[in-house]
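> Protein chains in written order, with my numbering: chain G, 229 to 551; chain C, 5 to 427; chain L, 71 to 340; chain H, 1188 to 1508.
These aren't lab readings, by the way, just hints derived from the structure by calculation.
C-beta atoms are modelled at their ideal positions from N, C-alpha and C, and glycine is treated no differently.
Take the hints with a grain of salt, since some may be wrong.
[Said to hold, decoys possible] Restricting the straight-line Cα-Cα distance to at most 27 Å, the calculated cross-link-like pairs of lysine-lysine (DSS-like) are: (1) Lys346/G / Lys1503/H; (2) Lys1503/H / Lys364/G; (3) Lys193/C / Lys1503/H; (4) Lys383/C / Lys192/L; (5) Lys347/C / Lys494/G; (6) Lys252/C / Lys550/G; (7) Lys1503/H / Lys365/G; (8) Lys1428/H / Lys361/G; (9) Lys252/C / Lys346/G.
[Stated by the list, open to error] A few chain H residues that face chain G, going by a derived Cβ cut-off under 8 Å, partial list only: (10) Tyr1474; (11) Ser1476; (12) Gly1480; (13) Arg1499.
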Amino acid sequence: MGSIKRLKQFINDSDINRFRTYFQVGAFFLLIYGGYLAIDISSNMPTFACPFVEMRGGTCYLWPLQHQMNMEIRHFLTGRGIGVLTGFLTFLFLLILFNKAWCGFICPLGTVQDWITKLRANIGIRYGTYPEKDFKKINKIKYILLVLLILLPFGIANLGLSHDWATPYCMICPSRTILPLFSADLSQLVIDFSSKTKVFLTGLGMAVTGIFVVGAFAKRRFFCLFCPMSGLQYIFSRLGILRLEKDGSRCTRCGNCYRVCDVGIKEIADDIESRNIVKEDCMMCFKCVSACPEERCLTVKFGGIAIYESTERGFFKRIEKKG
Amino acid sequence: MEIERIKKSTLNHLSMEAGEILKRVEEDFPDNPESMKYFYDLLRKVYCYRERPSDGSITIGTMCLQVPEELIYASGAVPLRLCSGAYSFERIGTGPMPARSCSLVKATVGMLRLVPDFYRDSLKALIIPTTCDQKKKAGEVIREMGINVYFLELPSRKDTEDGRAYWYYSVKKLVDVMGEITGRRLGKKALFNAIRLLNRAREEFRRFYQLRGSVPPPIYGKDAIIVTNAFYFDEIGRWIESLSRLNKELYNRINKKEQVSQRHAPRILLTGSPSIFPNLKIPLLIEETGGVIVADDLCSSTRLLYDPVVIDETASLDILLGAVADRYLRPCTCPFFIDNTDKKRRLLQMVRDFVIEGVVYQAFSGCYLFEMESKSVAKALESEGIPMLYVETDYSPEDTGQLSTRVEAFLESIKQRRRGLHI
Amino acid sequence: MNYFAGIDIGSTAIKIVLIDEAGEMISHYITPTGSNFYRNALQGFNALLEKRSIERSAVKYIVSTGYGRKLFKEADESISEITANAIGAKNLSGIDGSIRTIINIGGQDSKVILLDDGGCVKNFVMNDKCAAGTGRFLEMVSRNLEIEIDELGDYHFRSGVPLTINSTCTVFAESEIISLLANGHSKEDIIAGIHYSIARRIAGLARRIGIDGIVLLDGGPALNRGLVKALEDELMRDIVVPEIPQITTAFGAAIIAREAFLAERERVHA
Amino acid sequence: MKLSSIALFLILIGFMTWPEVSQGGTEEAIYLSEVPPQGHNMRHGSSHRQGSEHSEHRAVPFRKVYLNTHELSDDARAIVLRPDGTITEAPLSHDEEGWSVTLDMRPMDGSLDGIFNLYVINKELRDETLLIRIAKMNIINHSCGWGHKFKFNKERLRPKSLDNIPLEIVGYEMWDRNFHRRMASGDMFSFSVLRKGRPVKASVKVRTRSGWMKSLTTQEDGTGAFQLIRDYYPERWSEFKTRYYSSFVLIAEYEADEEGTYRGRSYKRIRIITTLPWKYQTARIEYTSYAYGLLIFTLFSLFTGLVVFLYRQRHKGRWVL
């Protein structure tokens, strides 16, 4: 067999979940402790790389975005506007590269949630799921957050909102409170009484963290449904080079992909028409591809080249190894 | 006393019928794979001499593939598929059942009614899923015969969330019922092992399913039906070994370009009502007149063993149960479900995968489910330009004459179409 | 000169057709099947050859069809009567090519064959469960009314108001005919009623797979003009009947014989 | 019993107002500040001019710094030590607001990213003792726009001193690696007093804008440290601003018997007073609370846990997978 074919077969037989777990650990260290090695990937990363983590290896794009939105309208077309544009284009470039796989493989908050899920699984408590109609309503929250995180800073500069609303989403994001813990920095677990807005924002932040911890324990990838970054990504995810495609005619709708999907997207199993199957909450962790017994039903493509496919042979190899 | 006489004659009829079918299966086809012998002997033992291989553990009868066998294995019992294809049993079954009802159900009722010791020696319970109405109502008739029947309720829709919730709930109830029947609480470890055991069987069957569909076909369709029917009775470990032996032999045949029947035998797909040994009337008819069934969509063979169970987390029993329940509900293309569009899609996909030239749709007369669906399946196949022969028959050999003419005409029309012969 | 033969061994009659290399029908021969159809078929075949003084060796390829096709050892190939009928009907001289539906009323069964545009068999349905609406039914009627089969057609057109014979089953129909006779009904009305009941049954069969384009009726009973008229009324469309309706299937078999022989010769030369 | 409580009360008041009394000795010290002096008394400082505070995030080409005194000897000089080590002179000018120094920080290309040391040295001869008054100030010159190139450059970060300055106070832990001011109330502020570059023992007084004063003497090696206390208490809580800079001044005195001549007249003793102004913010811990944070956290996690638990109880059987 040609070497390419043997390589393809080796990849299709491999257990991508184990690979992803190790990759996540690597990405976690890179993003949380990258600063110690003077690594700074970019300040407009399409994933959570929390600016509150002192020695981080990169910065989440929402942080500069909120700062840049804090600008009078007339400045947008001036020199400073260029800064906004370059920031966005860097974000877009990085997004196009890995599409939503940033969430599945690299996002540190996602990694934390996966660790909590593993803890729950070992304890032996079952995970929860949202009923269908609730799921449809809940996953719209992320767009509300996205609009707010753009409008509020914009309000500071143009509508005279107080500066305490500076980076509103970051104040309520659970990353701000949880990720610094990994570099022993408890400074974010506080309520800031310096102004009413600050009290409200940091209070809400701690509330969200409380809900996050228990939610992540009860439901897999609990926060990813609400995360504005995934909303922002989905707007441009069509342009991504990394794509997840489904051949509806091969699908027996056995629902395995839906059951292993951490985020719980129903359309992955039921939608047999659309070819590009990346839905708004998908984090491209490719667990569905490894759980699909049909030959080449789900394919991961990078720039048109199929790099990981669901194969019958690979499927049964993984089931054997499950032990 | 009269029951005794009927029982003895029925058993004789059964052995004759099974023996005759097996003879046709073995002798009329010269190029059977050597490792099929194991399966022929097994069926001969079960049907002609009634020695069913059982290690004495509790037997739980099932009347349809919708009953999760993992639960039965996990509770230490052995599942036994009781659908029967014997015409001799059908003749007795016509008593308590209406004349126009499905032959399969009549045969099963006949078997259970008159011949208690055929299976009833260790049959603790019979689980009847409420799929088609005839099996449901036959369940009441069987219960009156003193067999412990349990009805496993199924939703009539499989793609809505309520339907699935309803199904999980009834599977959980089944777990409690299994607890009472076998006296053993269903453990997570036991269920996990049962799942892996059956998955291995499915893996082996999947390889057989692919090998069987290759061009040119290395094995007849009737052998595939015999292999899957042997799965009902055989101890699962031995069945897997013998099937893997068969697979190796088929693999060698394909490499050596050996094939069954003549060179351009029309490649047929059999779908519709399940043909269960010894009712191989249609398959044998097709393959004796020159066609080869390279794939089938019957719930007695392919759909019984096609879909594996996927386990993502083994956190709690609920999750494993959910995985098992999902496997038996979602991929099922039984016409019993409303909006059974999956069946047509799967058929078209099989046609593309295995280069099918003609589809034979068999419906047992009286089984209105398959009869009603045949129209829409015909339309779907026609849109793809695939001819379909709709055959409505039952277990009686009376209409063999006409059927053989129709089957032969169908195969000729395929050959004619293929050669583009417009004389 | 090469000749090809098609033998249609039906339940009631054996039909043999001889065609030359150009596909033209040279001669045909019809004889009742009788008990030993193998002997009768062979005798018929030899009689046909002598009549046209053709050597047995000149007949290069023989195709058998009909119920007894598999047991007629002389034939080089056997083919189902449905395919033979379809090909025969397509190539009958004098019939334009746009035939889509063929209704064949045989001795023991009646068939409706649907052809696709390319002339291949697209779908077909057989009334294979009982003898109602077949030649045997007409024989029973003629026996009961002591009328020759070929006179049935004339009686049909002399009838005033055709009676309705509701039972289509041959056995019951017989008792019904006797009771109608006893009540003094005229034979003409009874025969017309019979024709309409057969036509209704055949039309029901045809509608099951859908009638399309021009309809051709063949098989022995097609000679009975009364029955053809009744069928036209039931199907509400004109029906084409070839001049010798019984031999269409045999003719089809002969055509296939010629085709198979020519294909064989090319493969040998290529 | 009443008498003693009144006495105690009096002592308390006395103690409270005790720092006022020792106000006298600081008149001589001259110090620099970014806001013009409103009169000599430091107490009601110009808090409203906060806006013009020097923000480390945006550099300016020129920085005007004011002295707190009107009389300055004619030979007073202003020396500037720039971040890249070069020493220049800055012009002293006098207008109605008093003496001021305009510091030239150009070029604005980030090469002078760092800390400027500004010294104003004033010498006078008073009846045989040479009185040298020095006002020193550290001015941060940084703009985030230049990037933080000197983040790991030891030389730029190190607090520098000049050897020819008679007496100088050098403050440590002044800023973080990005040249952003980091001092907050509660931090330990350590400094050392150098005489012509060599550490020397001197008495140091600390005085904040609101008048709180503390005096301490440096150790043998001339270093000293004290904890900054918070002295920013706005009347209404809503006026509290986290960015507010409270400030204080370090005043060091040194006397020694040294002869020398100054402008032809000899002297037997010299007395040097040097000052260093300093700014610090209110520490975050002052206006944030861990207790409330963790309280809200626990409340909400318990609440969510309860909701999940009840939901699962209610959906015991009909669990949708």
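> Please verify whether lysine 252/C and lysine 346/G have alpha carbons no more than 27 Å apart.
40 Å, violated
> Does the alpha-carbon distance linking lysine 347/C and lysine 494/G stay inside the 27 Å limit?
The hint holds at about 20 Å.
> Please work out if lysine 383/C and lysine 192/L have their alpha carbons no farther apart than 27 Å.
13 Å, holds
> Restraint: tyrosine 1474/H near chain G, CB-CB cut 8 Å. Satisfied or not?
4 Å, holds
> Does the CB of serine 1476/H sit less than 8 Å away from some CB of chain G?
Holds: closest Cβ of chain G sits about 5 Å from serine 1476/H, inside 8 Å.
> Given glycine 1480/H as an interface hint, is the shortest Cβ-Cβ distance to chain G below 8 Å?
At about 5 Å, which falls below the 8 Å cut-off, the nearest Cβ of chain G leaves the hint on glycine 1480/H intact, so it holds.
> Can you confirm whether the C-alpha distance between lysine 1428/H and lysine 361/G stays at or below 27 Å?
Between lysine 1428/H and lysine 361/G the Cα gap is close to 46 Å, so the pair fails against 27 Å, i.e. violated.
> For lysine 193/C and lysine 1503/H, compute the direct alpha-carbon distance and say whether it is at most 27 Å.
22 Å, holds
> If you draw a straight line from the CA of lysine 252/C to the CA of lysine 550/G, is it 27 Å or shorter?
Holds, at roughly 25 Å.
> Hinted pair, alpha-carbon criterion (27 Å max): lysine 1503/H, lysine 365/G. Please report holds or violated.
23 Å, holds
> Under the criterion that the straight-line Cα-Cα distance not exceed 27 Å, is the pair lysine 1503/H, lysine 364/G satisfied?
23 Å, holds
> Given the hint that lysine 346/G pairs with lysine 1503/H, test it: the Cα-Cα distance must not exceed 27 Å.
23 Å, holds
Violated hints, listed in ascending order, are 8 and 9; each of the other numbered hints is respected by the structure.
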